[in-house]
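Colleague: So the chains spell out like this:
There are 2 protein chains.
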Amino acid sequence: MGGGVVKHLLRNHDLIAERTGLDLQIKRVAEPQVSRVPAALSAVVTDDWRQLVADDEVRVVIELMGGRTLALEVARAALAAGKPLVTANKALLAHAGEELFALADRQRTGIYFEASVGGGIPIIKALREGLVANHIASIHGIINGTCNYILTRMADEGKAYAEILAEAKRLGYAEADESLDVDGIDTAHKAAILASLAYGFWVKMDDIHVEGIRTISALDISYARKLGYAIKLLAIIKPDENNAAQVRVHPALIPAGSVLASVSGVYNAVAVDGDVVGQTLYYGRGAGADATASAVLGDVVEAAAGLGVNHSSRFTGHDLYGKVAKIDQVVTRYYVRLSVLDQPGVLAQVAAIFGRHDIGISSVYQPEEHAGETVPLLMVLDQAREANFQDAYREIQRLAVVREPCQAIRVEDIS
Amino acid sequence: MGGGVVKHLLRNHDLIAERTGLDLQIKRVAEPQVSRVPAALSAVVTDDWRQLVADDEVRVVIELMGGRTLALEVARAALAAGKPLVTANKALLAHAGEELFALADRQRTGIYFEASVGGGIPIIKALREGLVANHIASIHGIINGTCNYILTRMADEGKAYAEILAEAKRLGYAEADESLDVDGIDTAHKAAILASLAYGFWVKMDDIHVEGIRTISALDISYARKLGYAIKLLAIIKPDENNAAQVRVHPALIPAGSVLASVSGVYNAVAVDGDVVGQTLYYGRGAGADATASAVLGDVVEAAAGLGVNHSSRFTGHDLYGKVAKIDQVVTRYYVRLSVLDQPGVLAQVAAIFGRHDIGISSVYQPEEHAGETVPLLMVLDQAREANFQDAYREIQRLAVVREPCQAIRVEDIS
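First to last, the sequence lines map onto chains A and B. Using this note's numbering, read the first sequence as starting at 1 and increasing by one per residue. Using this note's numbering, read the second sequence as starting at 1 and increasing by one per residue.
If we strip away everything but chain A, and leave its shape as in the complex, we get:
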């Protein structure tokens, strides 16, 4: 990622200077393995990041190392020295943002983190500045390129998760250890940042309900399509009816005709619904050294242009909700796929349980397919509280006529 920033800063230095009047120079590069740094930078490279932060000529510090240990030390040191910090590190901000923004405020400097969510998409700027006059009614984000790549290829080719994952690793679209991406943790880091911006209080990682995409099958993607839906891993952020903020990450069925459903491959998109502006959406490459460099350099320009000017992190002070809703209390719709014995009365038994839990069934679909002795039974349910749905779903799975595998995926009715 550092390589991308250096490459594009050198290449577009004159353009940036002409547009902004700023003459951006790389004064220092800190890298433990100095041999990894291109020869052109050999005069400025150091293996000691403290030298970089302490250098008076370094006016803006860019942290692109990732991780949460050394990065936190660097961030603290830069801010403590009164230098603005540009970072793409979502894990760092999701876990230590509260501390770091408070420190920046005390030091009257700023943290710039456009690259932390959505790669090159200026979504942080849109939320903080463009939509500053809006109460945020909802955010729905496809903000992990690896997951969207896998789900898109599963949808296009009908292949299994494991097969596509293996190919994604071979092609460099997934890390050797894929868990941060496919288990939804990376998406949750970004959701924490978006939610904190939207609602003005720091959302803790532990308060975010997170599910990944490992259990999604090509079969469910294909059934969902027949029912008029696509399956995407979403970050969902919106207030509930008790003025708590819902912040959840999970796969969801979304209408096939929605703009979000047309977001394919490694692309990211964030749909933001504001009470003044209505629905808006921001789309682009969510990862990669180049896209990220665009956001980092935009931040560097802003940090450099703002040197000596008063700062406001705009992160605090509009504590709209102040608490995160428990997943049990969330009200959503569900898509349910059951494997049931092919005999009369099964639908009646299932429907009776949902009925007893006061959960309406909005559509039923039974394709003419068999898997051994069972047939698939698909349902899309009406809105129900999570705890209520889970009770009913457990009861249904205990029915003698219901066998493994079963699957339940939430439905989000976005436009």
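Please note: incorrect hints may appear among the correct ones.
Because identical chains cannot be distinguished in the list, a pair is counted as satisfied if it fits within a single copy or across any two copies.
[What the hints assert, rightly or not] In silico DSBU-like links for lysine-lysine, alpha-carbon gap of 35 Å or less:
(1) K7 to K226
(2) K159 to K169
(3) K323 to K7
(4) K238 to K7
(5) K159 to K27
(6) K204 to K226
(7) K226 to K159
(8) K159 to K323
(9) K238 to K323
Please keep in mind that the hints were generated in silico from the structure rather than gathered at the bench.
Guided by the hints, dock chain B onto chain A, whose structure is given.
Modeller: Then chain B, alone, in the frame of chain A:
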């Protein structure tokens, strides 16, 4: 539009204050017909805009009257008084932007115009700030809600342009005089602003090639769909191979699977391709008092927060191209629909003319339909220079076997 800004400023005043520390107050409202202003504002209303501009307590001037005569006077007076100007007036900026930005620079104040393009979508901010490190490789915009509404309904319902236009007027989606919208002029105003931002020199309205949607038929929309395309009115901005900027507004076939093709109804979207970030896209309501108010209020916050701070219009100084390409020199692909006599050898005659002009044919489609003695013949051509295509097209229309009506619409191969 003024009503929307007032409504949302009053409603979300506290939110804005909590987020930014700014206490925004409406000090004066100028309106020739003071009776049109809500009673809540009667204490501050005046029918003399000069009073408003001269009032020391008015620190930011918002111009929402539209038009280019009185609005220009107001804009000049506000800037001359050193007050930042917030405006949604694309016609004003497209025609008088160069003068006004020069005046703002001299007065060390700013012009804020997020609401002038794309309604509530923060596209100006994205271009100027988020993508500041990017050479702009291309912009493709659906930036007129009326045209997109009409084309979407024509596509969905197969009805004629005139019928949908009449309904759009009845429903308030089109003005009584529709020409500014359907002839592409409003789109061209916005294109001039986007192009000027992207390429750093003022693009003149006279240099923009503009075609509207009056000649688009439901038939062509339906044929285009069969060929895998949607028809949209686009603003297209990109450099050509001679380092001139193409700035053109016309209907175009775009791939049905592209994100832009999924933009329907009154929604707007702008796809921006940057050399660092790759493809990005911004989507939302492009018009209406509410969406526009979101952008105006975002600008008011920025103008108010920037009071006393140095300004840079960022409009000048990176004169990348400095000239606009003539439409004759533009290279595009074309979709052509001919009405031809149903007899052997017709395709050969047509193909021979394209061949003589060195224009390849990428696909041919002849549906099994008759209209009187003629049958439709559809072709999608390879890339050709406009002047060359027009020569060939005129020659083909003169063939004895080719009758009226014929249609030619450009194809844009966006992803």
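Colleague: Now tell me if each hint is right for this structure.
Modeller: Going down the list of hints, with the structure as the test:
1. For the homomeric pair K7 and K226, neither the shortest alpha-carbon distance inside one copy (46 Å) nor that between copies (44 Å) is at most 35 Å.
2. For a Cα distance limit of 35 Å, the shortest separation of K159 from K169 inside one copy, 15 Å, qualifies, whereas the shortest one across copies, 49 Å, does not.
3. With identical chains, the CA atoms of K323 and K7 are at most 35 Å apart between copies only, with a shortest distance of 29 Å across copies and 42 Å within one.
4. Taking the shortest Cα distances, K238 and K7 sit within 35 Å of each other only across copies (23 Å), while inside one copy they are farther apart (39 Å).
5. In this assembly of identical chains, the alpha carbons of K159 and K27 never lie at most 35 Å apart, being 49 Å within a copy and 63 Å across copies at closest.
6. Neither within a single protomer nor between protomers do K204 and K226 lie at most 35 Å apart by alpha-carbon distance, with minima of 38 Å and 50 Å respectively.
7. Taking identical chains as interchangeable, the C-alpha atoms of K226 and K159 lie at most 35 Å apart whether they share a chain (17 Å) or sit on different chains (28 Å).
8. For the homomeric pair K159 and K323, neither the shortest alpha-carbon distance inside one copy (40 Å) nor that between copies (51 Å) is at most 35 Å.
9. Proximity of K238 to K323 under the C-alpha cut-off of 35 Å is restricted to the intra-copy arrangement: shortest distance 12 Å within a copy versus 47 Å between copies.
Going through the hint list in order, the structure does not satisfy hints 1, 5, 6, 8.
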